[in-house]
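J.: Sequence lines, in order, name chains G and D.
First residue of the first sequence: 1, per my numbering; consecutive thereafter.
First residue of the second sequence: 1001, per my numbering; consecutive thereafter.
Please note: incorrect hints may appear among the correct ones.
[As the list claims (entries may be wrong)] Label pairs and their calculated CB-CB ranges:
1. ALA1242(D) to GLU119(G): 51 to 57 Å
2. ASN1122(D) to SER144(G): 29 to 35 Å
3. ALA1242(D) to GLU381(G): 27 to 33 Å
4. ARG53(G) to GLU1071(D): 51 to 57 Å
5. GLU148(G) to LYS1035(D): 47 to 53 Å
6. TRP1245(D) to ASN365(G): 57 to 63 Å
7. LEU1266(D) to GLN366(G): 32 to 38 Å
[To be verified] Mimicking PhoX-like on lysine-lysine, the simulated pairs with C-alpha atoms at most 20 Å apart in a straight line are:
8. LYS1035(D) to LYS28(G)
9. LYS1230(D) to LYS1310(D)
10. LYS11(G) to LYS1385(D)
In case anyone wonders, no lab produced these hints; they're calculated from the structure.
Computed from a predicted model, the values in this text were never measured in an experiment.
We treat Cβ as the ideally placed atom computed from N, Cα and C, and that holds for glycine.
Number of protein chains: 2
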Amino acid sequence: MHRIILVNNMKPYLDYASTTPINKEVLKEMEPYLKEEYGNPSSLHELGRKAKRAIDKARKRAAKFLSSDEEEIIFTGSASESNNTAIRGLVKGIKQEKIHIITTQIEHKAVLETCEDIESENIEVTYLPVNKEGLIKIDDLTASIKPETRLISVMYVNNEMGAIQPIKEIGKKIEEINKERKDKIYFHTDAVQAANWLDCNTKELKVDLLTLSSHKIYGPKGVGLLYIKKGTPIKPLITGGAQEWKLRAGTENVSGIVGMGKAIELIQKNTNKKIEFIKSKLIERVLKIPGSQLNTPKQSAPHIANFSFKGVEGEGLLILLDDKGIAVSTGSACTSVSLSPSHVLMAMGSSELEAHSSIRVSLGNQTTEEEIEYFLKILPESLKKLRRISGR
Amino acid sequence: MHRIILVNNMKPYLDYASTTPINKEVLKEMEPYLKEEYGNPSSLHELGRKAKRAIDKARKRAAKFLSSDEEEIIFTGSASESNNTAIRGLVKGIKQEKIHIITTQIEHKAVLETCEDIESENIEVTYLPVNKEGLIKIDDLTASIKPETRLISVMYVNNEMGAIQPIKEIGKKIEEINKERKDKIYFHTDAVQAANWLDCNTKELKVDLLTLSSHKIYGPKGVGLLYIKKGTPIKPLITGGAQEWKLRAGTENVSGIVGMGKAIELIQKNTNKKIEFIKSKLIERVLKIPGSQLNTPKQSAPHIANFSFKGVEGEGLLILLDDKGIAVSTGSACTSVSLSPSHVLMAMGSSELEAHSSIRVSLGNQTTEEEIEYFLKILPESLKKLRRISGR
């Protein structure tokens, strides 16, 4: 009886890759800056200086996490802004008539659409394909490099199906290649989905630019971060103030930055094992359902499992699951409004039908085995219902 | 005795033009979105839809305040971002080989430096001078218009000395001129310092673009707003997501947007009289101090009083006042880090010496007459001390 009540009250949130709740400790550190400590960090008086010290502290925490200097970190309004700054800002900062950029077909839209957008500005972009495992080939990458290549942007963990790219290996390769070149190739990685799980030491990864998001690591929404290696010739996207080393004008989101700083400090890679265990169990059980297929490759972050279900629309499934209190997503939250099939799954070789029939289950620090049990109880019923409707 | 204790505990915050504390009612509305309602507004499940409804509500409130449609409002990360979007986004959206922009010499740096920055991109900019009262002449404005003029950006209330530009009159004039033209001239106003005090009805003002800041109206930091009149050919500054009518990619700062919406709803123009009264008293008393001079013109917003003091460095004065618990600023918070004299006061005809010797006192909804009394007690002592040091 107790069991049934528990299950009925359960609302499994299985969409941590879309966003995470703010950690209580994070919120506690933010609170003074939402209340009495309301100074503008640019103000010279006491209230201003206190706000300034608070963002300095957050920057210090971020620098520690990234093994960087504080001068190499700017806080932005979102990871999308960070990605835009990395690409547009670098293109603007490089005084070169023709610029070539290399990226992948499975990037987040904030990289992909930004690259597409600047193709009109005498910028050439190569979009590297990925294999069935969602991985680019380093040989493809090196073969694509031209004399005018100045930026390579490869995401660390794919947000839709979790594949981990070999960033360290790519970084090392680019470093070698740079030794033989006059004009340096800068290396950017969107590490938004990696931060909770993988090494983000910028020295080890040998990246020049790295993007993080606060709200994917149990921090508040409205804050992103861009690591910019010393000497990278980047120009600001937003001008008109000396904030963030003159690289991002505008009064700082003090409480948000404080929150992101604390969230970064609280990142604990040791939750990997627990989540990996839950995920492997989840995958095993889901694959027993006829017509199910796993899109997430072996080499993937612990929190993402992407499935396709034959004869089922992902969106229909999402709606039925939602009706039972279960939150999952189709593809990424960022593209949920669009009706086109996932560009990531298509790039990995899925058919349009398979891509349309996919959902992403993503786990986080509050995920319990009970939640997964509940999901596994509801999922087959929902699939049956949908297949009855579609007649497939 | 009681009086002295009161004064000793007093910490007059006279820097509301730099930033304002978050209103308690605003924070109360934000709180659920910092806690249990953590959904991503792009997610289709219940938690996501709740977040979406929250930002829809905020947008509705903003639309009401601006007499606009909800489709004409985008939330950004700061007013600086809004100003950058207005200028850079419009320039990008107008497919025209040569573009001319008209602005003023006293704009906020987010407009001024952005205009200066794009001058390298085949954009010509005219910076209109102002008179002693800090006002542009409408005849100057119309005389500056060229066939390739496509944007006029004039701030509503100057942030350093409070002058109010005749936005409605300018809007009407531009509308007339547009009737005779093939290529429309778009009209932008930075209304950041006006919102608490003046009419922001976009229909009345006849503006195409209008910028607001949350943290200047008792809302949280990290949120701005840009009104974009239907049909204005603007392109996003940040690409890669369908948020904000596809004009500003990135997961929305839900709690921040909710806060800004509530702050907008709470704007009460009826505080003007109280603040005007306190300001007039302040000015009267300060001008009795030998060597003092008022830089704020008659036609100014109620909250700003900018003074110069002969033989005194503004920054030194700020530091002494801060030591006594009083928060004021030199020029604006945004430029406090730079050592150059205020571009606004210089444009109004102040000497470099006068500009260097200025402080801005700015009032807000918590300002009391007691705080002003305390300031008026400490100010002359501080001036004496500084003049003794400088020997002037």
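J.: Could you run down the list of hints and mark each one as holding or not?
T.: Here's how the hints hold up against the structure:
| no. | hint | result |
| --- | --- | --- |
| 1 | ALA1242(D) to GLU119(G): 51 to 57 Å | violated (20 Å) |
| 2 | ASN1122(D) to SER144(G): 29 to 35 Å | holds (32 Å) |
| 3 | ALA1242(D) to GLU381(G): 27 to 33 Å | holds (32 Å) |
| 4 | ARG53(G) to GLU1071(D): 51 to 57 Å | violated (41 Å) |
| 5 | GLU148(G) to LYS1035(D): 47 to 53 Å | holds (50 Å) |
| 6 | TRP1245(D) to ASN365(G): 57 to 63 Å | violated (34 Å) |
| 7 | LEU1266(D) to GLN366(G): 32 to 38 Å | holds (35 Å) |
| 8 | LYS1035(D) to LYS28(G) | holds (11 Å) |
| 9 | LYS1230(D) to LYS1310(D) | violated (50 Å) |
| 10 | LYS11(G) to LYS1385(D) | violated (66 Å) |
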